[in-house]
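K.L.:
So the protein sequences, as listed, match chains A and B.
According to our numbering, the first sequence is numbered sequentially starting from 1.
According to our numbering, the second sequence is numbered sequentially starting from 1.
Hint data in this document are derived by calculation from the structure and do not stem from the laboratory.
Computed from a predicted structure; not experimentally measured.
There's no promise every hint is true.
Calculated pairs, DSBU-like style, for lysine-lysine (alpha carbon to alpha carbon, straight line, at most 35 angstroms) [said to hold, decoys possible]:
no.: 1; chain 1: B; residue 1: Lys22; chain 2: A; residue 2: Lys145
no.: 2; chain 1: B; residue 1: Lys75; chain 2: B; residue 2: Lys103
no.: 3; chain 1: A; residue 1: Lys248; chain 2: B; residue 2: Lys103
no.: 4; chain 1: A; residue 1: Lys186; chain 2: A; residue 2: Lys145
no.: 5; chain 1: A; residue 1: Lys171; chain 2: A; residue 2: Lys248
no.: 6; chain 1: A; residue 1: Lys145; chain 2: A; residue 2: Lys171
no.: 7; chain 1: A; residue 1: Lys248; chain 2: A; residue 2: Lys186
no.: 8; chain 1: B; residue 1: Lys75; chain 2: A; residue 2: Lys171
no.: 9; chain 1: A; residue 1: Lys171; chain 2: A; residue 2: Lys186
no.: 10; chain 1: A; residue 1: Lys248; chain 2: A; residue 2: Lys145
no.: 11; chain 1: B; residue 1: Lys103; chain 2: A; residue 2: Lys145
no.: 12; chain 1: B; residue 1: Lys103; chain 2: A; residue 2: Lys171
no.: 13; chain 1: B; residue 1: Lys103; chain 2: B; residue 2: Lys22
no.: 14; chain 1: B; residue 1: Lys75; chain 2: A; residue 2: Lys186
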Amino acid sequence: MTNRVASTLGVLWPPVLFGVLFLGAWEFIVWFWGIEQFLLPAPSAIWSALAEEIGAVWEATYVTGANALVGLLLGVALGVAMSFVMMRFRIFNDLATPLAVALNAIPIIVIVPVLNNMFSISTEVPRRLMVMLIVFFIVLVNVSKGLRQVQPLHVELMRSYAASPWTVMVKTRIPNAVPFLFTAVKIAAPAAVVTAFVAEYFGGRQNGIGYGITSSAATSNNDVTWAYVAGACALGVTFFTISVGLEKTTVRQAGPRRPGGATT
Amino acid sequence: MVGEYADVVLVDGATMVFNAAKPNRVDALVDVDLRVAPGDFVSLIGPSGCGKSTLLRLIAHLLEPTAGTLSVNGKSPDRARREGDYGMVFQQPGLFEWRSVRKNVELPLEIDGWARARRAERAVEMLELVHLDEFADHMPWELSGGMQQRVAIARALAVQPALLLMDEPFGALDEMTREHMQAELLRICAAEGTTVVFVTHSIPEAVYLSTRVVVMSARPGRITDEIAVGLGGDRNEDTREDDEFFKRITEVREALRADRDGADVRRVSGVEDR
Ligand SMILES: Nc1ncnc2c1ncn2[C@@H]1O[C@H](COP(=O)(O)OP(=O)(O)OP(=O)(O)O)[C@@H](O)[C@H]1O
Ligand SMILES: [Mg+2]
Chain A
1 MTNRVASTLG VLWPPVLFGV LFLGAWEFIV WFWGIEQFLL PAPSAIWSAL AEEIGAVWEA
61 TYVTGANALV GLLLGVALGV AMSFVMMRFR IFNDLATPLA VALNAIPIIV IVPVLNNMFS
121 ISTEVPRRLM VMLIVFFIVL VNVSKGLRQV QPLHVELMRS YAASPWTVMV KTRIPNAVPF
181 LFTAVKIAAP AAVVTAFVAE YFGGRQNGIG YGITSSAATS NNDVTWAYVA GACALGVTFF
241 TISVGLEKTT VRQAGPRRPG GATT
Chain B
1 MVGEYADVVL VDGATMVFNA AKPNRVDALV DVDLRVAPGD FVSLIGPSGC GKSTLLRLIA
61 HLLEPTAGTL SVNGKSPDRA RREGDYGMVF QQPGLFEWRS VRKNVELPLE IDGWARARRA
121 ERAVEMLELV HLDEFADHMP WELSGGMQQR VAIARALAVQ PALLLMDEPF GALDEMTREH
181 MQAELLRICA AEGTTVVFVT HSIPEAVYLS TRVVVMSARP GRITDEIAVG LGGDRNEDTR
241 EDDEFFKRIT EVREALRADR DGADVRRVSG VEDR
């Protein structure tokens with residue numbers, strides 16, 4: 001236990017030291033050259049703005065975070081379900097894989113206004129749907145790859161046991177796909193956060209971080225804008241940390257193995 | 001087809017062609033005949049790529065022959081596979097990396113529907129046999145290649161199959177472990193009356209273990225010779241220093257060499273004998 005704490009600290013101190021030095025240098029440069037607040041506020045100014053507006057920033061972060069989380073969970077559930085359907089019916093796979101790849105290549109976030117029109121603009125539904133769509137394709141592509149790309153030797157072995165398709169699924173394909181799922185979540189979690197607040201730039205309710213940033217920037221309230229940016233950073237880091245932590249737990253079970261074929 | 005039901009394995013004119021219509025066509029096996037009687041220990045020996053693994057895969061019904069027929073225990077290979085008539089050790093260990101060593105050995109028992117307690121008991125027994133009981137709760141990637149191969153052997157032996165198909169099972173083992181595994185395999189075969197088809201690159205190993213050694217040649221893969229060995233049921237460490245043992249080794253070596261020289265002659269004269 002103490003060992004783990006020690007090793008965690010060992011891994012953490014270089015970025016922490018870098019962060020402190022970086023903030024210090026920032027503060028110094030702003031003070032030394034007397035840079036105007038509307039160009040670049042000093043960390044101390046951002047900090048006091050954050051302290052002052054903490055209620056509003058927290059609320060906005062919560063709204064955006066909830067959109068990202070709900071969209072992420074829905075997208076993962078739907079992506080996993082669809083992977084099984086595609087595994088079952090080959091025809092879907094032949095159709096859907098090129099489709100998913102093509103959709104990945106276009107910035108589908110631009111359809112947010114369409115979703116806003118389709119669903120009530122005064123709810124969070126369009127944004128959550130947008131996040132869900134982005135996550136869905138990342139999960140679909142990776143998990144169906146994991147279900148299909150089992151080692152040929154494992155397939156032969158199961159065949160020599162005369163194992164039923166169900167047994168092959170449960171004992172070979174699903175365990176094989178688990179690391180692929182976690183790789184997908186690791187990619188999808190930050191993407192969900194980015195999508196959740198970029199979606200706010202396309203209209204709809206005015207309560208998230210994206211709106212906080214645009215509205216405070218519009219009134220040249222730069223300290224407050226940066227306070228919202230800090231909230232966005234915290235949200236992104238939180239999502240990323242949780243997904244990496246999830247992945248670590250499976251790696252501990254399955255060991256170092258070939259990477260789960262990350263595809264965004 | 002043919003009705004000699006006493007044979008455990010009967011291969012009749014089996015031919016296996018990969019990528020028949022393409023430029024990378026391979027005639028892996030051509031017109032192979034093989035009979036394995038109950039209790040036989042048949043070794044397949046021959047140069048790399050001569051179709052030994054392919055022949056095992058045909059018997060195991062992991063491949064369908066391009067031509068010819070096979071039967072296992074008087075049944076079609078398909079039925080024999082479905083009825084769990086054989087156990088197979090592949091050339092690579094092929095362990096499941098998300099299962100512990102113990103759980104890997106238990107896998108075929110799980111699929112056969114054994115109760116948990118019996119499964120665990122048998123797995124430990126098998127791991128003791130291959131001297132890996134201390135590693136029962138390790139994960140496969142924590143084991144060396146030779147240790148992984150021994151787990152694969154334990155896994156194949158766990159169901160006590162009456163027919164064992166083994167593809168270079170001891171290839172990755174050191175000399176001492178190899179001799180121990182050979183002795184254990186002979187002991188099990190004697191106790192259970194197991195029939196074995198065994199692929200190896202080692203002439204002494206083939207001679208020590210087998211009742212018959214089948215010599216194969218490459219491109220196209222075919223059986224060129226067959227040597228009855230039969231060193232008897234009471235083989236032990238002294239057998240390896242026996243005159244009889246060395247005589248058989250020489251015999252197999254000459255069969256392999258004759259085959260190679262024959263191939264050279266054919267190449268020089270540009271004449272195919274078939
Ligand atoms: N699935 C396959 N597709 C195409 N060619 C194959 C396939 N499997 C085997 N071959 C070819 O068939 C030939 C025989 O292969 P096989 O694996 O049976 O050889 P082997 O005697 O077991 O060799 P080794 O001693 O190196 O294991 C080789 O030329 C190989 O390239
Ligand atoms: Mg082989």
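K.L.:
The structure should be examined with respect to each hint, and the outcome stated for every one.
P.N.:
So, going through the hints one by one against the coordinates:
1. Under the criterion of a C-alpha separation no larger than 35 angstroms, the hint pairing lysine 22/B with lysine 145/A is consistent with the structure, at around 28 angstroms.
2. For the hint linking lysine 75/B to lysine 103/B, the alpha-carbon distance of about 31 angstroms falls within 35 angstroms, and the restraint holds.
3. For the proposed pair lysine 248/A and lysine 103/B, the alpha carbon gap of about 22 angstroms is at most 35 angstroms, so the pair holds.
4. Between the alpha carbons of lysine 186/A and lysine 145/A the distance comes to roughly 16 angstroms, so the proposed pair stays at or under 35 angstroms and holds.
5. The suggested pairing of lysine 171/A with lysine 248/A holds, with an alpha-carbon distance near 22 angstroms, which does not exceed 35 angstroms.
6. For the suggested pair lysine 145/A and lysine 171/A, the alpha carbons sit about 16 angstroms apart, so the restraint of at most 35 angstroms is met.
7. Between lysine 248/A and lysine 186/A, the direct Cα distance comes to roughly 11 angstroms. Compliance with the 35 angstroms bound is thereby established for this hinted pair.
8. Our distance criterion of 35 angstroms between C-alpha atoms is met by lysine 75/B and lysine 171/A, whose separation comes to about 28 angstroms.
9. A C-alpha spacing of about 24 angstroms is found between lysine 171/A and lysine 186/A, which places the hinted pair at or below 35 angstroms, so the restraint holds.
10. Restraint check: the Cα-Cα separation between lysine 248/A and lysine 145/A comes to about 20 angstroms, which is no more than 35 angstroms; the hinted pair holds.
11. With a CA separation close to 25 angstroms, the supplied pair lysine 103/B and lysine 145/A stays within the 35 angstroms bound.
12. Among the hinted pairs, lysine 103/B with lysine 171/A is consistent with the structure: their alpha-carbon atoms are about 11 angstroms apart, no more than 35 angstroms.
13. Of the supplied pair hints, the one linking lysine 103/B and lysine 22/B is violated, its CA atoms being roughly 42 angstroms apart against a limit of 35 angstroms.
14. With a CA separation close to 51 angstroms, the supplied pair lysine 75/B and lysine 186/A exceeds the 35 angstroms bound.
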